[in-house]
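J.: Here is how the chains run, residue by residue.
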Amino acid sequence: MAGLLRRRAAARPLPRRTNIARFLLKRFALALVTLFLLSVIVFAAAQLLPGNVGRNVLGPFASQQDVDTYNKLHGLDKPMLSQYWGWISHFVRGDLGKSLQYDVSVGSLLGPALGNSLKLAALAFVLVVPISILGGTIAALRRGRVTDRAITITGLSLTSIPEFVTAIVLIVVFGVALKWLPVNATAPPGAGFFTQIKFLLLPSFALVAVLFGYIARITRASVIEAVDADYTRTAYLKGLGPRQVLGKHVLRNSLLPTIAVVATQTGYLIGGLLVIEKLFNYNGIGQRIYTAAENKDFTLLQSGVLIVGLVYLAATLIADLLYSLLNPRIRFAGAE
Amino acid sequence: MDRETRRRLEHYRRDTAGDVENTLIDEFLDGEMDRSDFLRRGSVFGLSLTTLGAVLAAAGEVPVAFARSTAAKVGGRLRVGCIPPPAHGLDPHTYADTGSLVTGNIAGEMLNRTTDTGKLVPELAVSWKSNPQATVWTFNLRQGVKFQNGQEMTADDVVATFKRLVDPNSGSQALSAYKGVISPAGVQKVDAHTVAFHLDAPTGGFPYLTSSTTYQAIILPANYQLGTFEKTPQCTGAFKLVSYTPGVGATYERFDGWWGGKAPLDGVDLKYFSDDAAVVSALLGNQIDLINEVHVSTGRALFNNPNVQVISAKGATHRLVPMLTDAPPFNDWRVRQAVALTLDRVAIRQRLFSGFASLGNDTPFAPVFASSVALPQRHKDIAKAKQLMAAAGKSSGFSTQLTTYKAFELPALAQIIQSSVKAIGIKMGLRILTSTAYYAGSQLGPPKGWGTTPWLNTPINITDWGGRAIPNVYLTSSLETKGVWNASHYSNKKFDKVAKSYIAAISLKDQRKYAKLCELILQHDTPAIYPYFYYQLGGVSKKVKGYHADPQGQVYLSHVSLA
Amino acid sequence: MSTTVDPALVPQAAPPPSESRIARRETLVQLLRSPTFIIGTLIVGWWVFWAIAGSSLTPHDPLDQSAGQLLRPSHGHWLGTDSLGRDVLSRVLAGASDTFKVAPLAMLLGVGGGTVIGLIAGYFRGVVDEGISLVINSILALPVIVISVVAITAIGSSNATLIVVIGVVFTPIVARTVRAAVLAERDLEYVAAARLRGEHAPYVMFVEILPNVMGPIIVEATVRLGYAIFAVAGLTFLGFGVQPPSPDWSLQIADNYQLLNSGTYWWTVLFPALAIATLIVGVNLIADGLQQVFDR
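Residue numbers (the working numbering), protein chains in the order written: chain X, 1 to 336; chain U, 1001 to 1563; chain R, 2001 to 2296.
Don't read these hints as lab results, they were simulated from the structure. Check the hints yourself; a few may be wrong.
[Said to hold, decoys possible] Simulated crosslink set (EDC-like; lysine to aspartate or glutamate; CA at most 16 Å straight-line):
1) U/Lys1231 with X/Glu225
2) U/Lys1545 with U/Asp1266
3) X/Lys26 with R/Glu2130
4) U/Lys1422 with R/Asp2064
5) U/Lys1427 with R/Asp2064
6) U/Lys1482 with U/Asp1496
7) U/Lys1189 with U/Asp1156
8) U/Lys1422 with R/Asp2061
9) X/Lys248 with X/Glu225
10) U/Lys1493 with U/Glu1519
[What the hints assert, rightly or not] Covered by chain R, according to a simulated footprint, are these stretches of chain U (three or more residues, beta-carbon under 8 Å):
11) 1098-1112
12) 1409-1417
Where is the CB? At the ideal position from N, CA and C, for every residue including glycine.
Produce the complete structure using the sequences and hints provided.
T.: Here it is in C-alpha cells:
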C-alpha cells in the first residue's frame, strides 16, 4: 500500500523542464490562434469605417470617376474574403503592403513608429515600476499610518487626473515656463542615448503619474496579503529576520501581480498613447494608427493594430512565464 | 516729374501699353482708384516698376519706395513647424491641404507670386501682358533658370506643367481655379521663352491664377514622373527637398544653382505637428523658429511673448454658412436674412480673432479685393430679424440642425450661431463631424444633384474656404446655378448673368459696377452668410528676418535669414 | 490561458447560505464605519446631486454667451468665464450630468455582459471556457482607444454610441475577473450540492454562485466606473465623445487647453480637470472602502 502511494506521489510532479516547455508550447499555440482571431476582428472593424478610400485620398473636390478608378486600382472593390486573404497572406510573410494614403511601404512607416513607442514605454516602465513598488511596499508596511495615507491618496489623485491634463501641465510648467526640459519628445536625428532620454522625460513623467497609483495600490495589496499570510508568520517563527522575510517571501510574491498588471498595460503603453503622442509631437505607433483610421488607410490601420496586438500578446506570454516561474503554487495549477 | 521720365512714360503709353494698361493708367490719373489699388492692379497687368513709378510721379505722388536690401546674414538652418501634416502624396497638381502646399512650396516656384499686400511680382516669368479682351495672356519667361536636377527651364516645361494642371482627367486639384477659364489646348508655346494662354472666357485677373495663389502651379520639368516629387529634387526654388518622412518631417538643402542667387539659409528642417498646442509650445520652447499657420484661439500665448512675433496677411480666407434654398425652412429669403441679422459680427470678430479679421457682409467680395464695393455693413438687428420671420410666417420659430466639423474655430462659430438664433425662436441642434465624415459621400454634381455628401446637402452648415486673390471661384463654384460646390443650391438667373459680366470685365470701373450688382443681389437673397474674412497669421521667433505672411498660408523662405 | 489573478480579489470560502444574509447586513454596517467609503460617497453624492439638478440651480445659464470673454475669477463669476463668455462655475456644475449620462450606463453594460460571460466561462470550463477566453484575449490585445475611435468613426458620435462602445470594451475585462472568482467558487461544496440536487446550470450559476462572487463584482464595477469616466474624457478630448455646446468637463478641457500655453487663462482648464479628478477619486474611494470590507 505504502509503496503504491509512494509511486503515485513520485509520478505526479513532472521534471521542471518538460512542464515549462509544455506550458510554453500551449501558450504559444493559443497566442497564434488569438492572433488569427485578432486579425479577423481588425479587418472587420476597418471595413466598418465610413468614408470611401478613394474619396479620402483624392479629396472632396475630385470627380466621382477618379474616385472609382482609384478604388478599382487598389483592389478595394473586390469581395471581403479575397481582400482579407490578400492582406493576411502577405502579412505573415513580412510584407505589410503599401499605405493607401502615403503610397510608401507600411513597414517603413510602422517600423520607426513602433521603435519610438517601445522606447517611450521602456523609459516609462523603468521609471514607474521601481517607484511604484517602493511606494506600495512602504505604504503596506506602514499600513494605516500617515505615510500610507499620503502615498495612497497621492497615487489615487494622480491617476484620476486625465493624462492629457497632466501632460499639458507638465509641458507648460517644465517646458515653457521653467525651460528645464524640451516640450517635444522627438530628439533631433542622430542624438545620443542620453539626449533621447532627456527628450522623453516629460512624456514619461506623464505616464508615471497615470500608472503610479494603480501599480502602487496593487503592490500594496499584495504585500499586505503576503505579510499577513501564514508562510510569513512561519518564516518569522523559524527565526528569520524581517529583512530576510521581506526580501525572500513577501517581495517575490508581491512582484507577481505587479508583473501581471504591467503586462496588461502593455497594450495601452504601446498603442494607446495617442493623446500623449499628439501633445508631445512624438511619432509613435498610436498616432499612425489613429491617422490611418481617420483616413481609412486600411493597410496601415490593420497592420498597425495587429502589430500592437502582437506586442501585447508577447508581453503577456512573458509575464505568464515569469509568473509561473516565480510562483511555485500556481505553476502546476496553471498548466491545467 | 522730370522731362526724361515723362518722355519715357509717353513713349510707353503710345507704343508699348495696350488698351488694358492705358485704361488702368487713365483710371488712376482720373482719381478713380487709390495708390495701393493702382500698384496692385499695375502688377496684375505686368507694368514694370519703372512705369509704375513714372505714373505715380505724373500724378504728383511720392515715387515707389525701393525696399532697401539690407545685407542678410548668410548661414544657419531654419526649423519650421508645419501643422497639419500632408495627408497624401506630394505631386504638386494634387495639393489640396495645408501640409502639402507648405511642403511643396518651400522647394517649388510659380510663374509669379502674390505678396502679402496683394501685389503680383515676377518669379519664373519676368513680364506678362494681355490682349485687349483679356482672352489671351502672354508670359515672358525668365531665362537661365535651372531645375534642381540640372535641366534648364524652357517654355516646354511650363506648357507641360499647365497642361496637367488644367486637364480635367489628371486628378488636378487646381481645376477649381481653371475650369471654365482655360483648357489644355489653350496652353501654347510661342517660343523657347514665351508661353501664351488662350482662355475660354475673358478673365481680367488671370495672372493671379498662375501665381502662388494657385498653390498647385509649381513649375516642373516637362518629363516629370508622377510620384517622384519627394524622391528627387526637381523644382526651381532656392531649396531642394532632400528627404521626406510622411507624418514626421522633411529636410531641405540650399540649391546652389538658384536663379535668384544664394539664399541666406543653408537649409530648412520641417517638422509636422498635428496638435496646435504642441506646435505653439515648440515655438515658445525654442524648438522651432517658425509656424506656418497660427490661429487666435490656439495661439494666444504668442501674442504677448517678447521672443516671438505674430505676422499677418490680409486675405479672403473665410467660413461659409450656406443655407439650403430649395427646401424648408430656409427656402424663404426672409428667413435666411433673419438668421444673418441675428449675428453680432463685431463681437464674433473680437471673440474668435481678437480683431484679426474683416467683417463679412454676406457676399464673397472681401474688402481685400480691389473690385469690392463696400455696401452698408450688416449688423445684429433682432427687431428687423423678427419682422422678417413674421413676414415669412415663421414667428414661432422652428427646429433645425447645423452641421460642421471639428477644426479651427468652426465648433466655436457653430455654438455662437446656435446661441444667436435663439433670439428669433430657432432651436438649432449641432452636429460636429470629423473632417473625413464631413466631406465623405458622393458628389455627383449638377444636373443630377449634389450627391450625398454633408457639406453640400445639409440645411445649414459651416465650411471653410481658402482665400483667393480674386473672387471668381467663389462666384462660379458656390453661387452660380450649376456651381459644383453650390452648397446652398442657389439658383438666380439674374445673378448668374451679373457674375459672368463681372468675371469678363477688365477695367476696374466695370468690375466694380458688376460687383456692386452681385453684392446687392446676394445681400438680399442671402443664400449664405459670410461672417468674416480672417487674416492669415503666422508665428516666428524674433531671430527670423525677412519673412512675410502669405495670404494662402504658404511659407516662402527664399529671402529669409536668421539674425 | 492567462493565469493572472487580480490580487484585489482574495477568494474566500463562501459561508453557508443561511448565514449570508447576516453577513450582508454586517457588511453594510462596516461600510458605514469606513471613512474612505464615507468620503467617497459624499464626493460622488455631491456630483450626483448636480447631475440631477443640472442647469436649473446654477448661478448662470451654462450656455449663455453674454458675459465678457475670458474673465478672471471674480465676484460676478467665481470661476471666471471661457472664450465664448460662458460662466465656468455654471458649466462645471452642469457638466456633471453628461458624465453621469454615459459612464454609469457604460459600466453597467460592461459589468452585466462581463458577469454573464465570466460565469459561463468559469462554470463550464473545458472547451467553452477556452473558446471564450480566446476571444477575450484577442479583444484585450487591442488598445482601448483605437477600438473606440474606429467604432465611433464607424457608427457616428452620440451618447448611445459611447455607452455601447465603452461597455463592449469593458466586457472582456470584467469577464476575466468574474471568471477567476467563479473558478475559485465552483469547486466548493455548495455548488456540488446544488448539482446533486439536479439543478440546471443557469440556476447554479445565477442563484448559487453569483451571490457569492458579488463582492469582487461590485469592486470591479466601481473600478470600471472610474475607467469609464476616464474613457469618456479621453474620447471627448479627441473629438469623439460628447458634442458641443455641452458643458461636459473633458470637452471644456479639450476646447481650452491651448490657452494654458500662455498660462494666463488657467481657470478654464483647472476647474473642469478638478471636477473629473474629484469624481474619479470619489469613485475609487468607494471602491476601496468596499474592497476593505469584502476582504475581511
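J.: With reference to the structure, classify each hint as holding or not holding.
T.: A quick look at each hint next to the structure:
no.: 1; hint: U/Lys1231 with X/Glu225; in the structure: violated (62 Å)
no.: 2; hint: U/Lys1545 with U/Asp1266; in the structure: holds (14 Å)
no.: 3; hint: X/Lys26 with R/Glu2130; in the structure: holds (12 Å)
no.: 4; hint: U/Lys1422 with R/Asp2064; in the structure: holds (11 Å)
no.: 5; hint: U/Lys1427 with R/Asp2064; in the structure: holds (15 Å)
no.: 6; hint: U/Lys1482 with U/Asp1496; in the structure: holds (10 Å)
no.: 7; hint: U/Lys1189 with U/Asp1156; in the structure: holds (7 Å)
no.: 8; hint: U/Lys1422 with R/Asp2061; in the structure: holds (14 Å)
no.: 9; hint: X/Lys248 with X/Glu225; in the structure: holds (15 Å)
no.: 10; hint: U/Lys1493 with U/Glu1519; in the structure: holds (15 Å)
no.: 11; hint: 1098-1112; in the structure: violated (count 0)
no.: 12; hint: 1409-1417; in the structure: holds (count 5)
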